[in-house]
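Those protein sequences? They're chains A and B, same order as listed.
Its first residue numbered 0, the first sequence is counted upward by one per residue in numbering that gives the first Met the number 0.
Its first residue numbered 0, the second sequence is counted upward by one per residue in numbering that gives the first Met the number 0.
There may be inaccurate statements among the hints.
[Said to hold, decoys possible] Rough simulated footprint, nothing fancy, chain A against chain B, three-plus residues with beta-carbon under 8 Å: (1) 318 to 325; (2) 388 to 395.
[To be verified] Some residues of chain A that are not near chain B, with every Cβ distance over 10 Å (derived): (3) 9; (4) 19; (5) 185.
Simulated from the structure, these hints should not be mistaken for lab results.
Each residue gets a CB set at the ideal place from its N, CA and C atoms; glycine is no exception.
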Amino acid sequence: MISLAALVGTDVQDSTGDSVGTLRDVVVHWTTATAYPAVTAIVVRTGKQEVVIGARWVELSAPATVRLRSSAAYARAVERHAAEVALAHDVLDRQVIDVGGSELMRPADVYLASVHDRVELVGIEVGPRALLRRLGPKRLRSRVRPERVIDWAHIRSFSIARDQGGSARGRRSGLAGKAGAGLELDAPASELRPLPAIDVEAALEASQKRKRRGNKNERG
Amino acid sequence: MSVVDAPASPPRAPAPRKAAPRGLKRALGLVAILGPGLIAANAGNDAGGILTYASAGAQFGYRTLFLMVLITVALIVVQEMCSRLGAYTGEGLGALIREQFPLRSGATAMTLLFVANAGLTVSEFAGVGASMEIFGVSRYIAVPIALAGVWSVTVFGNYSRAERVFLVMGLVFLAYPVAAILGHPGAGVVLRNLAWPHFVASKAFLLLSVALIGTTITPYMQFYLTAAVVDKGVTPQSYRAQRIDTINGSIFSDLISIFIIIATAAAIGGTGALSSAAEAASALRPVAGESAEQLFAVGLLGASLLAATVVPLSTAYAISETAGVERSLSRKLREAPFFYGLFTAQVVIGALIALLPGNAVELVVNAQVLNGFITPILLTYILILANRRSVLGDAANGRRFRVLATVCVAVVGALSAVVLIQTVAGWL
Chain A
0 MISLAALVGT DVQDSTGDSV GTLRDVVVHW TTATAYPAVT AIVVRTGKQE
50 VVIGARWVEL SAPATVRLRS SAAYARAVER HAAEVALAHD VLDRQVIDVG
100 GSELMRPADV YLASVHDRVE LVGIEVGPRA LLRRLGPKRL RSRVRPERVI
150 DWAHIRSFSI ARDQGGSARG RRSGLAGKAG AGLELDAPAS ELRPLPAIDV
200 EAALEASQKR KRRGNKNERG
Chain B
0 MSVVDAPASP PRAPAPRKAA PRGLKRALGL VAILGPGLIA ANAGNDAGGI
50 LTYASAGAQF GYRTLFLMVL ITVALIVVQE MCSRLGAYTG EGLGALIREQ
100 FPLRSGATAM TLLFVANAGL TVSEFAGVGA SMEIFGVSRY IAVPIALAGV
150 WSVTVFGNYS RAERVFLVMG LVFLAYPVAA ILGHPGAGVV LRNLAWPHFV
200 ASKAFLLLSV ALIGTTITPY MQFYLTAAVV DKGVTPQSYR AQRIDTINGS
250 IFSDLISIFI IIATAAAIGG TGALSSAAEA ASALRPVAGE SAEQLFAVGL
300 LGASLLAATV VPLSTAYAIS ETAGVERSLS RKLREAPFFY GLFTAQVVIG
350 ALIALLPGNA VELVVNAQVL NGFITPILLT YILILANRRS VLGDAANGRR
400 FRVLATVCVA VVGALSAVVL IQTVAGWL
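So here's chain A without its partners, still in its complex pose (with noise of 0.2 Å):
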């Protein structure tokens, strides 16, 4: 399981070694076709500017590393594309309520996992030891232990804060990243059951049995 919070700050290095820079962000694409969106794309910063590179020229490992596939890679401006989730900006810290309205704790960590060539978002980090471990000391907090997750396939769509009629229709993703936006689930909190998160391999592997299985009934 890959985490987004110990990934956003670190160095990008392309093949050879060399740092481009600091990874800012995540990019996935988000449809209502999909429950665990891809990543498609991250966000760098080099130097003064931010730039966004592709998710075919990037390399995401466990439990917090980012490298380049080349010494080369194409890199375009930053800019929101329809269905697009910045996942550092959108998702990390941002209110999180269920069906009925109640609040969870604000996700102190968003967990991405490698299933077959893609890597793909998996579930939110609701627990507590999340936020002490990046308030901790840096070198820890690579350390990812997964305490409460939410499954993403139980994030219901992007919703505001204050509704002003229609606005969180339409796309799920609609609302990412504006100000106030946050995530809703299609279930009330206390029948969630939590990604069984004992040890990475395990959530992981639960990840993509679900995954196996939905693709089951999708196909049934």
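Knowing the structure of chain A, use the given hints to seat chain B on it.
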């Protein structure tokens, strides 16, 4: 007057797609009439405020009046930014700080808020002790009883009813403007001091200046106002009315503060630092005659008890909001352990420190000095938030407002820094 007020269940800010609970609105009663801006600004006139303003009048006469004019300008600027943040984002300051700053900076801000409010809570309990001493009750008896009462009423009891009793007791301080006029302060002197600086180049004056800033522009007021604006459901469309309420509230509350200084200065100006609450009470003599002390004590007790509940509640609310956990007095103790834990920690710390031997009034003023140090740091967060177009869009601070706000924060910060350096140098 001390209209410190927290919603009966503190402002349950961003409950998405849910109108503010009706019971809450009814419980707020006074808030509906007075508006969050007025209530929040008047929170400055709590036990700490009253004793600090009285100290200013006793120690330096009318010489702090010009400073109060400057502080009022700064207060308006700060409170306006806060209500704008609440109206345009629909989120409280705690939430905005969590989302907009790196986690460590956010944690620093919330720790500072906890410390500042703990200091305030100390001064509120000290205020309870000081007022009960006027009635001849030792504070070693009064403060523990107040602690038990405040805690159990808030956690188990009917908080809103208790709040109203405290509020009415605090209305005593409306007597100050009358006392100020009856005390024949000499209109010329007062006006001259309001319009032109009469600063004193002394360490005591600087320290008191920081205390005055700390008690008038209290971080807790900013967090409270933003949450209350969100809770009231103010939107960008209805913001104009809120803006007027915020500005009026700041001016009104500081007028009361100025009257406290004038009344005290007219009665006992230039006699040196206050040594007891009874001494401060003598400023009310023109109104109440021989019973001035009792009247003052009732007012101080009400203001202290109210703020001793509201300030810790506000802390618990803001920090829970930053964490994102449940925060409401309508929850049971077990349903919101973090919220109630913070509240309990704050009242217990406050009461224990207030029981330390020493001069209660001095303790209260020192707590305001602590607030004065922390205020500019937290104001910087607010300024950054209100400057950001990514947060407020077109409602972000314009260039001219940004300059004004930056100057306000910088001056407050510089003053605190000077006092801090002097204090540290004094230890060496």
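Of the hints given before, which are not true for this structure? Per hint list: zero violations.
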